[in-house]
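Keeping their order, the protein sequence lines are chains A and B.
Residues in the first sequence are numbered consecutively from -9, following the numbering used here.
Residues in the second sequence are numbered consecutively from 685, following the numbering used here.
Hints were generated in silico from the structure; no laboratory data involved.
It is possible that some hints are incorrect.
Claimed, not checked - Short, incomplete list of chain B residues facing chain A, as computed with Cβ under 7 Å:
| # | residue |
| --- | --- |
| 1 | A982 |
| 2 | E1070 |
| 3 | S1073 |
| 4 | Y1077 |
| 5 | L1084 |
| 6 | A1088 |
Stated by the list, open to error - Have a look at the derived ranges for each label pair, beta carbon to beta carbon:
| # | chain 1 | residue 1 | chain 2 | residue 2 | range |
| --- | --- | --- | --- | --- | --- |
| 7 | A | K148 | B | L1056 | 20 to 26 Å |
| 8 | A | K206 | B | E1040 | 50 to 56 Å |
| 9 | B | S1043 | A | K148 | 53 to 59 Å |
| 10 | A | A90 | B | W1049 | 33 to 39 Å |
| 11 | A | R338 | B | G787 | 51 to 57 Å |
| 12 | B | P852 | A | W201 | 51 to 57 Å |
No residue lacks a Cβ here, since even glycine has one placed at the ideal position from N, Cα and C.
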Amino acid sequence: MKFDVRKFGLGLAAPALAIVVALVLTSLILLAAGDPVLAVWQVLFKAPLPRQAVAIVNEASVLYLSAVAVAIGFKMNLFNIGVDGQYRIASFMAAVFAGAHFLPGWLNIIVSIIIAMASGAIWAAIAGVLKVGRGVSEVISTIMLNYIATYFVAYLLKGAAVKIEGSNATSTQVLAEDSRVPGINLEGLLGTGREVYGLVFLSIAVGILFWFILSKTRFGFDLRATGQSESAAVASGVNVKRMVVVAMILSGAVAGLVGMPLLFGQDYAYGDTVQAGLGFAGISVALLGRNHPVGMAVSALVWGYLNQLSNGLQISAGVSDRLVLIIQGIIVLSVVIAYEVVRRAGLRMEQSRVARELDARSTLEPKGATA
Amino acid sequence: MTTTQTAPPPLQASIAPPGRPAWYWPAVIGGSLLVISTVRVLTGANDIDSSGALMAAIGLAMPLALAGLGGLWSERAGVVNIGLEGMMIVGTWGAAFFGYHYGPWVGILGAVGMGAAFGAIHALATVIFGVDHIVSGVAINLLGAGTGSYLAVRTFTGLPGGGPTQSPPLAQLPFLSVPGLGEVLLGIEKSGTWLLADLAGILRALTTNVNALTIIGVLLLVFSGWFLWRTAIGLRLRSCGEAPYAAETLGVNVLRYKFLAVLVSGALAGLAGGFLTLVASNLYREGQTGGRGYIGLAAMIFGNWRPGGLAAGAVLFGYADAIQLRGGGDVIHAYLLPIGLLLLGWGIWVLVRRAEGKSLAGGLWRIGMSLLVLLWYAFTTAIPDEFTSMTPYIATLLVLAFSAQRLRMPAADGQVYRKGEAD
Chain A
-9 MKFDVRKFGL
1 GLAAPALAIV
11 VALVLTSLIL
21 LAAGDPVLAV
31 WQVLFKAPLP
41 RQAVAIVNEA
51 SVLYLSAVAV
61 AIGFKMNLFN
71 IGVDGQYRIA
81 SFMAAVFAGA
91 HFLPGWLNII
101 VSIIIAMASG
111 AIWAAIAGVL
121 KVGRGVSEVI
131 STIMLNYIAT
141 YFVAYLLKGA
151 AVKIEGSNAT
161 STQVLAEDSR
171 VPGINLEGLL
181 GTGREVYGLV
191 FLSIAVGILF
201 WFILSKTRFG
211 FDLRATGQSE
221 SAAVASGVNV
231 KRMVVVAMIL
241 SGAVAGLVGM
251 PLLFGQDYAY
261 GDTVQAGLGF
271 AGISVALLGR
281 NHPVGMAVSA
291 LVWGYLNQLS
301 NGLQISAGVS
311 DRLVLIIQGI
321 IVLSVVIAYE
331 VVRRAGLRME
341 QSRVARELDA
351 RSTLEPKGAT
361 A
Chain B
685 MTTTQTAPPP
695 LQASIAPPGR
705 PAWYWPAVIG
715 GSLLVISTVR
725 VLTGANDIDS
735 SGALMAAIGL
745 AMPLALAGLG
755 GLWSERAGVV
765 NIGLEGMMIV
775 GTWGAAFFGY
785 HYGPWVGILG
795 AVGMGAAFGA
805 IHALATVIFG
815 VDHIVSGVAI
825 NLLGAGTGSY
835 LAVRTFTGLP
845 GGGPTQSPPL
855 AQLPFLSVPG
865 LGEVLLGIEK
875 SGTWLLADLA
885 GILRALTTNV
895 NALTIIGVLL
905 LVFSGWFLWR
915 TAIGLRLRSC
925 GEAPYAAETL
935 GVNVLRYKFL
945 AVLVSGALAG
955 LAGGFLTLVA
965 SNLYREGQTG
975 GRGYIGLAAM
985 IFGNWRPGGL
995 AAGAVLFGYA
1005 DAIQLRGGGD
1015 VIHAYLLPIG
1025 LLLLGWGIWV
1035 LVRRAEGKSL
1045 AGGLWRIGMS
1055 LLVLLWYAFT
1065 TAIPDEFTSM
1075 TPYIATLLVL
1085 AFSAQRLRMP
1095 AADGQVYRKG
1105 EAD
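Same shape as in the complex, but just chain A (with noise of 0.2 Å):
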C-alpha cells in the first residue's frame, strides 16, 4: 500500500515535470528567435473568460473521444492512426443520414450516431483484416487509409452536395432543428451566450463506459492482457486475431463519434470546412493521459485551454499562435520520456524491494537479479 502511494506520487510527477520541461524550451526558443517571453505567458496564463471556458468544454468533449479511440488500441498495443480517417467516414455517412431526415427528430439523431459508429467501424476493420490476415502493419494501413478516406469523402461529397446560396463551401444538407442536439445554456452561471455541446454526455458516457469494459469486465481483461503479453493471453485461451479485429471494430467506433458533437452541436452538416487532424491531436491527448479514463479528460481539457487561449498570442504578444502547436509537441514527446523514466525508476525500486525481501527471508539458495 505504501509502495502504490509513492507509485501513485511518480505517475503524477511525471506529466507536471513534462509541462514544466515544455515551458522552460518554449521559453528557450521564444528567446532565440526574438520574440517576448513574458507576454507569451501572460497570454496563455490568463484565467480563461467564461465564452474561452465554454469552447474549451467544447474542444476537450471532441478531444477526448478521439483520445478514447486511440487509447482502446493503446490498451492492445495496437497503434490506431487512422482516426482522422474513421472519423471523418463517419461524419460524412451520419451527416448524409441525418439531413435525408428520414426519421423524426431525436430517433434520428440516435440512428444517425449509430450510423457513424458502425461506418468508423467498418473503416477501421478494414486495416485489422489486413493486420490479422494478411500481416499489414496497423500504422501503416490506417496512414493510407487516412488519406484514401480523405479523397473518397471528397468524391462523395461532390455527389452529396448542396448549394447553398452565396457560399462557395459545399456542404450535406443542413439538418432541420428538430434534429439538432440543443446546447447547455449557462447563461446564468457564466454571463456567456454560448453554449455547450449536448453531447458533451455522450463523451462522459463513453468514458465511463471505457473504464467499466477495460477494468470490469472479462473483456476487458483479455484486451489488455493480450497488450501486455500476447503469449500469456494465448497461453489463457485468448484469439489473438480475433481480438485484434474487435479491438480495431471498437476504436473505429468510437472515432465514429469524434464528429458528432461538432455535427449535431455546431456545424449541423458535413462540409469541406470541417475540421481536421482531430485523430492526430487525440493521439497526443491519449499519451498525456496514459490511456486512463480520468488523465485523458484531463488532458483533453489541458489541449482546449492551449489551443483557446493561443488563439490570443498574435494580438496580444505579436507571436504566432502556432507556437501552440510546438508547446504541445514538448509535451507529449517529455511526457513519454518522463513516464519511461518513471516506469524504469519504479521498476528498479521494486526489484530491489524484492530482492532485498527475498535475502532477508532466505539463505537458502545465492541470489543475483530478480530476473
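Given the structure of chain A, go ahead and fit chain B onto it with the hints provided.
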C-alpha cells in the same frame, strides 16, 4: 514479444528470394514497357509515358525516395522512424530560410541541418530514453509541423514576396542536360511509333533538364546501398537492426550506431523537404510536404527495406502523383485495360492448375474482379480526380496486402534496445 519462434523462414528469405533468376527484373521491366507502349497505342492515352510526364514523375519521386532512404537508414539500425514527415517539414523551412539568405547550395545544408536536428531529438527519445518509436515519431511530427510554421511566420513575414505561410521565391539550383540529345529524342517521341517513341520518352526524361539535386539524390541512394551492404561499418549498423544484443557481444557500440543512423535518417528526410522547396516549387509553402514523409516510409516498406526497392516504390508513387497532377484521369483509366486482362489471365491460370491444389473460388474470384475492372474500363472514359489521387495509397495497401508475407523487415526493428539487458 512473440518473435522468438519465427527465426527460420526470415533467414531463408534474407539469403535469396526463392525462384528469382537473374533475368527476372529485366524481364519485368521490359514486359511492363511492352504492355505500356501497347496500351498507349491502343487507347491513345499519350501522356502515359511522355517525357513530360516522366520528368514530372522523377521530380515527384525524388522527395519520396530521399524520405524513404531516411527511413531505410534508421530502420536498418532498428529504429522505426515515423517522424519523417515532421523532419521533412523543418527541412522545407531550413532550405527556404538558408536558401533565401545564402543561396540554394547553402539552402541544401540548411535542410539537412534542420532534419538532422530533429533526427537527434528522435534519437534522444528512442535510443537514449527508450521511448516507443512510433509514439516518439508521432510527437516529432507534431513538433515539426509546429516548428516549421512558427519559424516561417517569424522569418518570412514582411520579406518581399513572402508572408506568414510562404517564403519569397528562391534562386534555383542548376538543371543539367546531355547536350544535343533532347531535340532528337523529342522528335522520335512525337512520332508516336510503338515502343520506339516510348524508349525515346524515357531516355529524354533521364537526360534533359535534370536538376543537380536529383543527381545528388540518386548518388545518395547508390552510396547508401554500397555503404550499408558493402562496408564493415554498414554491416555493424545493420547488425544493430537485426540482433542488437548479439552485436553488443561482438563489441559493437549499438547505442552509438543507432543514434548516428537516426541522425542520418533525419538529415535525409530534411533533404527530402529541401528538395520540395528548392526544386519542386521554388519556395516554402505551409503544408507543402502533404504527407510525403509517410509515403516515403510506405515506399521503403514496399521496397522491402532495400535501396533499389524503395527507389522503385518512389518512382511508382511519383508516377501516379505526376499523372494525377497532369489531370491524367484518362491515363489511369487506360491502365484498367491491362490490369483487367492480367487479372483475367491470372484467374484462368489458377483454374487450369486446379489439379495442383489451387482453389476454384480463388480463380473465380479473380475472374469476377477482372470482369468488373473491364466493364469499368468499357463504360467510362476517365476516372474521377479523387480516385486518381487515391491511386498511390490504394496501390500501397494492395501491395502490402499481397506481399506482406514476402517482405522482411530488420528482425529487431522497432524494438527498444537497452544496453546490457540481453537475455
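**OP:** Tell me, in ascending order, the numbers of any earlier hints that this structure violates.
**Re:** Violated hint (a single one): 9; every other hint is consistent with the structure.
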